[in-house]
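Q: Now for the letters of each chain:
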Amino acid sequence: MAVIIDEKTKVLVQGMTGNQGQFHTRQMLDYGSRIVAGASPGRGGQTVHGVPVYDTVQEAKEKHGANASILFVPAPFAKDAAFEAMDAGIQTVVVIAEHVPLHDALDIQAFAKERGATVVGPNTFGLISPGKCKIGIMPNQIYKPGPIGIVARSGTLSYQIADNLSQNGLGQTTVVGMGGDRVVGLSFIDVLQMMEQDEETEAVVLVGEIGGTAEEEAAEYIKGMTKPVVAYLAGRHAPKGKRMGHAGAIIERGRGSYESKVKALNAANVAVAELPWEIADLVKNVMK
Amino acid sequence: MAVIIDEKTKVLVQGMTGNQGQFHTRQMLDYGSRIVAGASPGRGGQTVHGVPVYDTVQEAKEKHGANASILFVPAPFAKDAAFEAMDAGIQTVVVIAEHVPLHDALDIQAFAKERGATVVGPNTFGLISPGKCKIGIMPNQIYKPGPIGIVARSGTLSYQIADNLSQNGLGQTTVVGMGGDRVVGLSFIDVLQMMEQDEETEAVVLVGEIGGTAEEEAAEYIKGMTKPVVAYLAGRHAPKGKRMGHAGAIIERGRGSYESKVKALNAANVAVAELPWEIADLVKNVMK
Amino acid sequence: MKISVKLYEHMAKELFAKYGIPIPKGNVAMNADEVYKVAAEIGAPVAVKSQVLMGGRGKAGGIKFADDAEGAKKEAEALFGTELLGYTIDRLLVEEKLNIEKEFYLGITVDNQAKKPLLIASTEGGVNIEEVPEKHIVKMHIDPVWGLYPYHTRQLIARLGLSGAEAKGVADIALKLYKLFKDYDSELMEINPLVISGDRVIAADGRATIDDDAMYRHAELPKISESTELEQRIQALGLAYVELDGDIAVMANGAGITMATIDVLAQYGGKAMNFLDAGGGASVEPMAQAIGALVSTNPKAILVNIFGGITRCDDVANAIMTVKNQQGIPVPLVVRLVGTNEAEGVEILKQNGIDAFSSMEEAAKKAVELASAGEGQ
Amino acid sequence: MKISVKLYEHMAKELFAKYGIPIPKGNVAMNADEVYKVAAEIGAPVAVKSQVLMGGRGKAGGIKFADDAEGAKKEAEALFGTELLGYTIDRLLVEEKLNIEKEFYLGITVDNQAKKPLLIASTEGGVNIEEVPEKHIVKMHIDPVWGLYPYHTRQLIARLGLSGAEAKGVADIALKLYKLFKDYDSELMEINPLVISGDRVIAADGRATIDDDAMYRHAELPKISESTELEQRIQALGLAYVELDGDIAVMANGAGITMATIDVLAQYGGKAMNFLDAGGGASVEPMAQAIGALVSTNPKAILVNIFGGITRCDDVANAIMTVKNQQGIPVPLVVRLVGTNEAEGVEILKQNGIDAFSSMEEAAKKAVELASAGEGQ
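Protein sequence lines, in the order shown, are assigned to chains A, B, C and D.
Each residue of the first sequence is one higher than the last, beginning at 1 in the working numbering.
Each residue of the second sequence is one higher than the last, beginning at 289 in the working numbering.
Each residue of the third sequence is one higher than the last, beginning at 577 in the working numbering.
Each residue of the fourth sequence is one higher than the last, beginning at 954 in the working numbering.
It is worth saying that the hints were derived from the structure and are not from the lab.
Please read all numbers here as calculations on a predicted model, not as lab measurements.
Treat each hint with caution, since some may be false.
One-sided excerpt, in silico: chain D residues whose CB lies under 8 Å from chain B [claimed, not checked]:
#	residue
1	P1097
2	W1099
3	Y1102
4	P1103
5	R1107
6	Q1108
7	Y1169
Under the rule of at most 35 Å between Cα atoms (straight-line distance), these lysine-lysine pairs were calculated in the DSBU-like manner [as the list claims (entries may be wrong)]:
#	chain 1	residue 1	chain 2	residue 2
8	D	K1129	D	K1012
9	D	K1132	C	K744
10	B	K511	C	K711
11	C	K755	D	K1092
12	D	K1121	B	K351
13	A	K113	C	K755
14	C	K744	C	K755
15	D	K1012	B	K351
16	C	K799	D	K1121
17	B	K401	C	K744
18	D	K1050	C	K755
19	C	K752	B	K528
20	B	K420	B	K351
Think of the CB as a built atom: it goes at the ideal place given N, C-alpha and C, for glycine as much as any other residue.
With the rest of the complex left out, here is chain A:
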């Protein structure tokens, strides 16, 4: 078991013929993901690392039956590509691009709701069920199969934490990157719900950051969970009113502070690590 993607997931790559598309298709193939086809307008008939490319997602879907898609297309075209995937019946759409316009993100999520599709991102590193399937841009070598779920806003920080877990013998069921933008497809609660229901997941690591109230809302949900959750939060020493890279990572109007989030998580019995490499020990503690 795993959440959202597993060894049966058939993956389509949109924008496969571009630099990023080619590079990460190689990486995902190397990882063992079932990349069944690519879609790049005007490039139908080509192949990338032996995978056939089509002009439209529709055609690729008809011929290969993909149920997930990852988009390596520039931000201004992400909405069109995401709509194309969902309109063709793709159920999981991973939008890597940063700088997708906010109102495009609103439309993407509205369309996803209408079609019952799951959008991961935008501005995400993707998601991985170690040993089964990787749909994203994370390094291949740091993950191990195991009982820990990770849900994170931030890519590299989650690599740091996954690496810490793997090196301490704590493998992962699924690592989900929600994305760093203001409006993204999955909330902490969405992913926590899936992990609560996933039979293999025994504990969850929440990697959050300052800004917004998503962590506080997650804390409320965690109170009703049976599985233990630990957390790391970035931005403890960020100044107020400054946006720290991610669209949501800004403390403003008295909301989104580190202290508020720690307080809420602690109240839900979630230990918050002070340093990223303390996570493995915290997980071991709660799994005893």
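Since the structure of chain A is provided, determine the placement of chains B, C and D on it from the hints.
A: Quick look at chains B, C and D alone, frame taken from chain A:
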């Protein structure tokens, strides 16, 4: 039994305080329809014939629980009013106005599909389940309860036919006015399906007209029906290329002719009356 | 009554250009001197195209070609003021003559049954799309909520089998045409042919039909009417009116019953002179004006057939009396009056010496009888 | 990096006016003479309003009143060039002084959780909406697909308890504000206060924040930046950069890890000088320029913390070598390098005498140690 509306239907009137709204509220009340409230922007707190009026449909719905609404609002405002009704959870929306812009009609139908609502019209006389409920502008006195369903595009022509039936002892379960516009909520097939399933309806009268292919499509459906259908079609002597009042009533590009429709209906074993007052006899024939 | 406002080719093309759809160089001209001027500006062989609201003008001789401005002027002089497909030519579109390599079709209309816009395309353009075999036509429904996206146009060009600059041009034009279709409350936006000429994809001919019911949102568009003067006068009252070629004037309330009235007259051997739908709850004044207009067409008889619902019989009776008192009704008048306020209406007429029928059958028979009698005089 | 483009009040109001939202008579002025001219045109008592991108300017003395043009000019002369809330005043908005009867609040923003635009309104306007009690605030989500309809605004005014011309004005402005919000890819469109003055409903002050990621769709809008010169220079490379007040320059790849790096330095007693996120797969050249810029800020130490994913370690190593070769790195440099192409990157640095750490913990401790040593010098 009856289709779409019956004695339990609670009716809201939008635009109740206008001339048409007041007049037809009186008529519908006299008929015995359960008019529970009215909505007219800026007129909240007034009453019309003893029925309370609210500023918004939302408020009227909350207080009185209407499940159907009839709109007496000018065509340019019909879309807004129909959306308001459906957004408030009204399931049956009757749009009387003629001259609703075509693209507004497309939006109304798309919104109805999203909300699972039924739109009758635009450009309809409404619908009536004799003895139970009338939501529309048809004269009160010509209908009688009985086993015949009528589905029609045209108001006055259907009055003529209902009158003919009633005077010959053939009452009606429900008379549905689809509306004379190009894009309307209900098709002949939609209504025929309901009447096929309605326990009280024993035979159906289809009142069609030249233009489009709706009657031909209905004929295909009728082939699979267990209940007998008879028809009258207007426009036998209309010239080609001229629009006869209704938006759809035009023979063009070789489609929509009287002959084509009669042929299709006859092939489905539907007798087509040459004169409106022959309908009662045709119905008696098929009900033998 | 629903009216469609058809735009002249040159107006449709002005909209195309506004939305970035390539059109040939050129301009509309209202007289031969203007034709000369436009042709001289183009400075190359030109097409001189009669502006009429009807297809098939090419075959009918409405399009001429000339090598220079002088030639164009001569062609124009021969065209202006002549009749073409029922229209008098009063304007010409002068355009660069295109070097046509391929002709495509691209149009957007509304599919009534699906309740969605429908995009229609074909690589077999330049002829009436109705004459193109179905297998050469690509049809795509457009979701009115979400609209047309670039990915749809990629599906379109894939289905048309296009590639390269040609494909890119068609895809781009499709997006713009849909935006135009939507923004302008259109019933039809059509480019036929869409021409491939060198590396250009150009709208060589265009038709645009606007929903009259939405014209209030497009005050900048001209109100072009294809109706006759009398039709326009009665339509201006908010009533549906169409001229026919019989001799019995007909007024009824509702499109269906009016059509049925015409049909019933025909069944009894009569012939209607017109379709006049005075339904929709018209008040006394416009009804009186409409009846007055019918009287002035000098029919053999007039049949007023009312089954009152939203239309009130007393209003109809009062309208008839207004006409009788103001201009007189010197032709045989048959009135059938039932429904809302029937008693009041019948009484008003009775007091003025007019007996109303309650049966449509009898009224129709009487009208045919009176008209036949009139014929014999 | 996500940036929000805030517009000056006068620019927000120009957009309001373009969409038919009433604004006070007036104009922006870039010097005292222009202030005199605008005030003279108004010919009535005026408000002279400092244009800064920060709330609270009234309390800070940024808004003055004058009875005539002469008085307005004097106020302007006193304001121009002075500091207000961290901004130097370089433009004033001169407007008719409104006779304020009531002050409302009307704003539209995006609710991240609901993934929908959110309309916020209150009859308690004129103050920061954050300070208005929740019970006096009406919030309505707007479906991004269907948009805001007149019926929504009727619900709005009902919930606000408004009636008459006031209600009509607010409803009308709400519709226009949403259209503006949507058309201009806004993060925030705010009217505060929305003023009732006689029979007028007027946007007395306005804020507009545009999504920088969508600015390519709005070429006509000015690119106003609140960043410092260095921030702008590095942001122009496509990297996220924020100045902080410590002494250890930080570059990492990814917003989360960069924040975490700053936090870890603080845990070990160090203080970051900046936030520089070079993630997102930046190539060698912009990374080199960013590192070069860090060097030129003369930090006590530089910490480069890379966990390569889409970022490649060899690219980072090459960027460092480019800076070292071109401008030199005269401050202590600590590099942590793991992940994609780690071996290649470590090797490049090694050949140039730089030992890379693989542990973030050790690298951070080392950077703090070196910075403290530098402080002692």
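Q: Of the hints stated earlier, which fail here?
A: Hint check: 1, 7, 15, 18 fail, others pass.
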